[in-house]
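Asks: The primary structure of each chain is shown beneath.
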Amino acid sequence: MTDQHQNYANAMGTSGQSTPYTKRHRRNSSLWVPSGAPFTNAIRSNIVAPLEPLRHRFGRQHSAASEREIMPNWLDSEIPRYKLPNYHKYCDNKIRTTKYTFWTFVPKNLWEQFHRWANLYFLMIVGLNFIPQLQAFNAYMGIIPVAIILALNAIKDGIEDYRRKRADNRINRNTVHVWDPQTGRFRKMHWELVLVGDLIHVSIDETIPADIVLVRSSDPQGTVFVETSNLDGENNLKQRSVLEHCRKYCRTRTPLEPCEFDVKVFVNTPDKRINYVHGSMIYNTTGGTDLINRENVILRGCQVRNTTFVEGIVLYTGKETKAMLNNGFVRYKRSTLERATNKFIIYCVFILLLMCITGGAGSITWLIHYEAHDKTENIPFMVTYAASAVKEGFINFASFIISYQVLIPLALYISVEVIKLGQIYLINQDLDLYYEETDRRIECRSLNIPEELGQIQYVLSDKTGTLTENKMIFRSCAVSGIDYEADPSAAPSTDCSEQEVKLNETLLHLLHQLDSNALDDTNTDSNALFYFFLNISICNTVMAHRKPHEDAIEHGYVEDEVFYVGNSAFHIRSEQYDRPGSSTELPTPMTPTPMTPPATFLQPPATPTAITFSELPTPSTPPSMPSTPCETKDPPTAINTPTASKQYSFNASDLVRRISSLGKLKFLKRDNGKAKRIHKPKTKERIYEAESPDELCLVFAAKAYGFSLQNRCPESVTVEIPNKNSLSGAISLQVPVMKILPFDSDRKRMSIIVEFGDRILLLCKGADDEVISNLSQEFKKSPRGDFVIENSRQILQKYANDGMRTLVMAMRFIPQDEYETWLENHERIEATCIDDKDEQISQSARLIEKDMELLGVTAIEDRLQDGVAETIRALREAGIQVWVLTGDKLETAKNIAMSCQLFSPQAKELLIDEQSDIDMLLSQGEVFNALLSGKAVKLLKEGDRGMLEVVRRSAAILCYRMTPAEKADVVKTVKKHLKGKVLAVGDGANDVPMILSADVGIGISGQEGLQAVMSSDFALARFKFLRKLLLVHGHWCYYRLANIMFYFLLRNAVLVFIIYWAQIFNGFSGTDPLDPLYCMLYPIIFTSVQPIVYGACDQDVSAKTLLEEPRLYNKGRLGTVYKKRIFAANMIDAVWQSLVIYFIAHLAYFDTECDFWTFGFLLCSSLFFVNSFHLALLTRSWTVPVLCVNVFFCFFHFGFFIFYNLIATPGIGTKDIPLNIAVTAMSSKYFWAVLFVTVVVALTPRFVIKLIQNKINPGLVYEEALRRKSRSISINGSVNGVSFPCSRFVL
Amino acid sequence: MNDNLSRAKEIHAKNVNFQTSSSENGAKQKNRPKETPLKHQKVLGWQPIFSVWTVIPVVFIIGLASISIGVVLLLINDSAKEKIISYESCNNGRVPARCNISFYINEPFESPVYFYYGIKNYFQNHRQYLKSRSDQQLHEVANCGSPWDKDDNMINIAPCGAVANSMFNDTFSLYFPNGNNLVPWTHDGVAWEVDKNMKFRNPGLINNDDCRHQTKSELERLFKNYSHPRNWEKEIWDLSEEEGNTCNNGFMNTDFIVWMRTAALPAFRKPYRIFNGRLPKGYYRLEIMSNYPVVEFHGKKSFIIATTSWIGSHDSTLAIAYIVGGSICLMIGTIFLYIHLKFGYKSDLIGVQ
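Chains A and B are the protein sequences, given in the same order.
Position 154 (the first sequence) corresponds to 154 in UniProt numbering; numbering is contiguous.
Position 175 (the second sequence) corresponds to 175 in UniProt numbering; numbering is contiguous.
What the hints contain is simulated information worked out from the structure, not anything from laboratory work.
A couple of the hints might just be wrong.
[What the hints assert, rightly or not] Going by beta-carbon spacing under 7 Å, a handful of chain B positions derived as facing chain A: (1) 37; (2) 40; (3) 45; (4) 129; (5) 197; (6) 199; (7) 270; (8) 271; (9) 283; (10) 321.
Small disclaimer: the values here were computed from a predicted structure and weren't measured.
In this text, a Cβ means the ideal position worked out from N, Cα and C, and glycines have one as well.
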């Protein structure tokens, strides 16, 4: 065993190879963790990196050069990685979305917190405390509340940051294979350790860890398919290619030998432009230079698709990658309640100023009245600071600010945030929002807008995938104007398990009678059938594989007679096989991948007789065509081992036998058998990969009818077609592809141009109007064509009425010369680099997609999700206007609207397209459903009055043919012109703009990617969950938060007003009669947990009632709780409560021996109990935990005072230390009598008014609760909950 | 028809699927929230419903109860007797002066009898005044940093601050009706024990020494480096005449401690002495040494003789509060009854539907 291996084994954490196999396979343990420079690393990541922004701001840019030079990391095996030039010159690949690191947390967090004006205000108050003249008590004590708040906020920020760090770590700890020059092979490494200049190997479906330039791929042509949805949201596959000079390495015969691959790369410095990379690669050994442009580069975050593996050189890492540079988008949504609160707080500031000014004025008057400054000596209780009464008044004014500061609720913000966290937590825990099938809960991505859910006025929904399943089911098709509707009772064909296809027996029979001989004759129905299905099966971008792409890099390797896989090592005697070089990968029986010896893979599996056209037994067959070497596109896995430089004469089963002979390998055998079962070769089964579910559905449908797509490569497509002459009933047909005109939303169709025999065939598939308008005149005029078109139109209409998605298939034989001229022009456009290239290509495609013949029509059903109709009905009953925005065409959209009960059959449907429609509409008085076209939406966007009126009056609205941008426009318009709260629901990338611009964005985590979910505030698994989310959770959250925020404001106001009334009786001197320590902790400790519990869990009505009576949602929708009027009422109540608390105590203790702190203790207790019982009156649902919390704090209140009076010393700064005050006071009956009467009198008005309100004008919710209660009385004759002593009498 | 059929099938299929999947995937459902009532917001709660009809009887009961409590309180208060003797007009308010006031007690005062002095219009709760003291000094003779902490010769004052400086210094002697016998009242129990033991400690008593062992001369020696407050005429060690026992002297003087316990409101009374015996009815003579000026701030001084009931001192405020509160309750109850009769049937009809 070599030293190298020893190192490696150590790195793996194995204790040698004495008992390696008893350890479980831990793949991570085979990680390559290069020895770093720990100290410098720590400095780099903890101190230098956080200061980076500063350095950018103040220092000079650290690389002024416009180009970066990248030396390969893989050449020299001696230099440790941390000494590589690339390590020092460029940042590492670690991403850091956290705001703080361990070291910078405290200073940076404080710095940020003091950016908030509220905190600055409190800091100012703390500062005032240090002026001796103003100070009411120990100045240091004033710091306590601010410190607590700052600490709580810091903890919250810390937790959030920790979550971010964990997410970062998850990404940073992803692994990728990086070339290790020491061991001479690719080894797994954490993303964060990847450096610029590394040679990395990425397997299929893996994500690219950094921006790389391609040097090798599994595809012999050097093409690579990537999905860029993480980057730009487009989920079609994009093609990238390996550098010109490197393409030779893509062939398996000349593999890339990294130690001989001496290159130097120059690229531009990192910038934000996603589509721009410019650089060059210089080959030192072979000579030559390649230009690097965007076609050769894959960016971080992309995923490799349909390509077994790619290898590339890292250009940009970490935060210098394009993805991270473009990732500055952080959204902060502010809720309406929060904005209203800010307004209320401004009123509070006014009240505060008013109180301070009147207090100051009172102070001056009082001093003048006593002529205090003239005869200080004779007034024993007069201590003055200033020479005149007015100056004294100003000092008192300032000290009032300190006394009344709490009117601006410092703790409100943090309390509300805690409440929201609690609400979110409970929403997250809801079992009703959990979807079993996908094992998904609701995902709350925004933490600060739960109450917005209770105020939604408009729900704007996408259709596909949101209302529907987005599982496409092929329903029926019509060929040549003859409808072959699938028998609904027929069982779905069983051979394709993933897709449900309903078959039509007649059609199936017809197809099996199909004779491939008469293919050139296009005018018959049977041939139309053939072309129709050919179209379905090949005119798409579906990839077919015999087996999943699999990269063999993880299959273990042999080194020095030891076979390693995972972290297990096995001894093999060397003479049994040719010793491979130091770097090998080969398939082994260890992994659940192909187990059979590699040799078998080299033989293609048995397929139906492969034929080319030349072999068709028809007299008119074209001359034989060269068949493209398409098979190599999908080569056996084993060959694809990236650096398998040699084929070994040793085979795996041999190895297993030999290892087994060591007598240790029971589990290996078991694995072996299992793997074999999985990989039993199935010749007919193909794995299809498609971009859209529609395409997949069509391919499966074609397959069910016998037209099975076998293989697709850039040059040709292989289809199995039914043939009655063939023995197996099918023959394989290889069609060379000449051109693919991909789908774009402008043309709304795609085409494929193939060589079909000696003719050039264009097969086109697309939206009905786009295709039918491009039919050839000849075809239209011919009687057959006329019949076909006419019938097809009717059938289309019928399909659309059934809510199906329709597609029209057409074909055209293109004359050779026309094709050539067109192709020349088209390729010229493709080669150019102009801005409107896509548009030009689209235009060019239109030129060839004309004069077509109609083949047939397909209908795909996208089933409605369960519960959609009920949900929409409930939302509408709740008064929410539901809009559906769809990209579908009118008929389909209308049909869906009917079936999901968006449109009620009673109301008229009115189509609005133009100005005139509106005028006509407005003259009518009835209820109607409006269908808006793109034009109408434009009118709406401009704020057309008539249009707005129409929208206001309509019962339901459906917008059809919407583009993503138009959807977003609708959202913005509704927000702006209708002044409503908008919730947008969508599932796909096309809904992202809409979701982002809405007040609340909801993503449905369904079939189509994750973009919608990533940009949403809440992600649901099903549309129907919206019902409970809005009607129950939204209602609750709004109701709780609105009430509790008023409570917070009132609580603080009562406290401050008590101090204000006390001023009248202490010469407006700013004395705080309440205990200063208690007073400061009061909002933070004594009355914080109870309202937080209330805010998180109170229920004004049960979830069941809310679901059954959606109209109760109006409470939040109309914003009935959080209003200025009610704020004013609360402030008046605060005045009353404070008057009662102060004056009852005042009268009770006037002219008695009561001392200052006993009086203060009574005030504190009254305040506490009035506030607590106030909250108790608000509490609509008394549960055991709520009760416990409230009772606990009552005891805590007294406990605090008793304890505090025990330990009080002169050091705490309270003058006349309150020793034993509480116990003495509590032992007097008088105290309790006063306390009791205070609480009762203080809360009477609120209680009485509430009662009268309940009687005369009960709120919606209360009325419902009452009704339910009385119903349960009439049913049971008894009452649950509050007793209704005379209820039977009433009834 | 077809739709119904297919839908029925789907539902069936789903049910079958669901059953199998739930049994199979039981372990796989990692994200499934735990079904606890607390997390699921399904804790059984009591939802109080306040309706006028429920509340009317309650309101009436509370109202009647309050009124009766108030009446009882009033009756009890009658058992607590109080005699207030105002004397700010003694010598037309000029100080110092000696006054003799005779008064008649028509009912005997039962033991124990409390004596207070009361001052009105005196703002002991004024912020600057309140702060002008040093509890530190009273505890362990430190220097303090407030106004009035040094005399003209820049010698530190003990006790310092405005509160101590303004100590009430009128003295009273009460004589029984038959002859010139002094009422033998005591200052024991006037100040709180905790104040004597923890808040106010003479120097040299820091380690909980017994004050009885400290002599006056020792006290004098300890206070030597301090000056007395400006307004005082006595030295701090002269507050009590007792020679051998300093438990009522210096900082631990009862009158001083009582004064230093600041009052909450601008009208207050402070305990002066306690007489653990019975005051029979008859003419009494009160001898007052009036030293404390109150005319400048329109203050009023009085001497109060009182006994207590079980609820506390003689005070009808609380009783009145209860009676008023009870009456309000009755009034509200009546209003509710009216409302109920007027609107009741309407809203109850809602309930019946």
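Asks: Hint by hint, say whether it matches the structure.
Replies: Evaluated hints:
1. 37: violated (9 Å)
2. 40: Given a least distance of 6 Å, the restraint on residue 40/B holds.
3. 45: holds (4 Å)
4. 129: It holds, given that the least Cβ distance between residue 129/B and chain A is near 5 Å, below 7 Å.
5. 197: Violated: closest Cβ of chain A sits about 9 Å from residue 197/B, beyond 7 Å.
6. 199: holds (6 Å)
7. 270: holds (6 Å)
8. 271: holds (6 Å)
9. 283: Nearest chain A Cβ about 26 Å off; hint violated.
10. 321: holds (5 Å)
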